[in-house]
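*Asks:* Chain by chain, the residues run as shown.
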Amino acid sequence: MVNIPQAQHTSPYAQPNDEARLQQVWKMLERVFDPEIPSLNVIELGIIADVRVHTRNVEVDMTPTFVGCPALDRIRDDITQTLESSGEHGVIVNVVRDPAWTSDRITPEGRRKLKEFGLAPPGPRCSGGETPNLEHATCPFCNSIDTQLESIFGPTLCRSIHYCQSCLQSFEQFKPV
Amino acid sequence: MTTMKIESFDTLMGPMRDAVISLLLHLADDEFIIGHRNSEWTGHGPILEADIAVSSMAQDEMGHALAYYQMLHELGERDPDTIAFGRKPREYRCASLVCLPKGDWAFTIMRQFLYDAAESIRLTAFTRSTLTPLAQLATKIHGEEKYHLMHGRSWVIRLGDATPDSHARMQKALHELYPHALGLFEPTEYDEELAQAGISPREDDLRAEWESAVAPVLAAAKLSIPDHLQPIYGGRVGRHPPALKELLDNLQLVYNIDPSAKW
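In the order they appear, the protein sequences are chains A and B.
All residue numbers for the first sequence refer to this note's numbering, where the first residue is 38 and numbers rise by one.
All residue numbers for the second sequence refer to this note's numbering, where the first residue is 24 and numbers rise by one.
What the hints contain is simulated information worked out from the structure, not anything from laboratory work.
A couple of the hints might just be wrong.
[To be verified] Here are the simulated distance ranges between beta carbons:
# : chain 1 : residue 1 : chain 2 : residue 2 : range
1 : A       : N180      : B       : P282      : 53 to 63 Å
2 : A       : P145      : B       : N273      : 41 to 51 Å
3 : A       : P75       : B       : D74       : 21 to 31 Å
4 : A       : Q206      : B       : S247      : 40 to 50 Å
5 : B       : A243      : A       : E121      : 51 to 61 Å
6 : B       : E234      : A       : S123      : 49 to 59 Å
This one's a predicted model, so the numbers in the text were calculated from it and none came from an experiment.
Just so you know, even glycine gets a beta-carbon here, dropped at the ideal spot from N, CA and C.
Based on the provided sequences and hints, a complete structural model is requested.
*Replies:* See the structure below:
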């Protein structure tokens, strides 16, 4: 179960309408998508760690999926633009190390959408250096586990390539990290 | 021994700050240079999946290098691009292992495996580091690097134990690379200090752990570990093989045309 962290009112200048603004910001963030997996928004992907509204600005903490994720700057710009379009000013997007993103942060809805997109959702996370079992990933098309790992690396850093013996299709999995 | 947790870089001062800067710089430079070496295979891999794998690893390593350079910047050093591109060869702190030209596929796979095994051990240790920002980043990076090690291990075993030609190439690569790989554990002047503070283990301890980690994989690949080889040191004090200068001339070419250009 993934919990989206509750936003905290850290501003000493909190205003009575901050709660409504905060909800509005979370709502707007649902409109920002990962350019590499366009069906998932940033909340479903689990990369929004915290949101804080202040009198003059709003801060969004974002925890990247992969350290070398090339989409990071793009997502940051998209967040800024989307929030500005709803009337926010001074949007600050912090890239944070804590909490570290793991594939367990993808929400149940996010996992459903991954599958719909044709991407097998990640299995349970193998913490640290533990070797994950990438064999027998569940095929997102026919749900068979009679599948084999073709390549640990795929078209983006977060995907591996598999082949389903049951429906004879290749598919990709979002790697557990 | 009691060791205090260091929650943020702000509290690092004096010699301990220098020690952390030295450590981060050698981590970053190793990642940066091996990442570049891997990127030299992009478009030239022996098969498509291999090309994608080595290119993905290059992208990961560059990302990790950037994260370490970013930490250096938080410690008051110059910005990541300037540190990455704006130095002379002798100012880099990478080990000779990562500097060597890319060689053939056997050489690339063997280097990557020896390197990833070392990195995995280092990162595991860092997850227990008293330096909290380093422990956090190491946890994150380790989650990604485990795929590199899986990749390397399966290729080493496959190529070591396949045809006479592949076996011979892997054995040759191992002989050539092993002393350089031992050089990954060159102790710096801060070795003891970092260990005492619980930030990073002693290099000798990491090396011993690495040797016991790689031995079973090399045995499974039917490869023999060379005897009596002395580690090749020098990287951590800026003494590098000529290959690094050639690499940097290439890597820094565009940057040097206009270091102030905005991208």
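*Asks:* Taking the hints in turn, state whether each one holds.
*Replies:* Comparing the hints with the structure gives:
1. A:N180 - B:P282: 53 to 63 Å: Since the Cβ atoms of A:N180 and B:P282 sit about 54 Å apart, the hinted range of 53 to 63 Å holds.
2. A:P145 - B:N273: 41 to 51 Å: holds (48 Å)
3. A:P75 - B:D74: 21 to 31 Å: holds (25 Å)
4. A:Q206 - B:S247: 40 to 50 Å: Between A:Q206 and B:S247, where Cβ atoms are some 43 Å apart, the hint holds.
5. B:A243 - A:E121: 51 to 61 Å: holds (56 Å)
6. B:E234 - A:S123: 49 to 59 Å: Because 57 Å falls inside the window, the suggested range holds.
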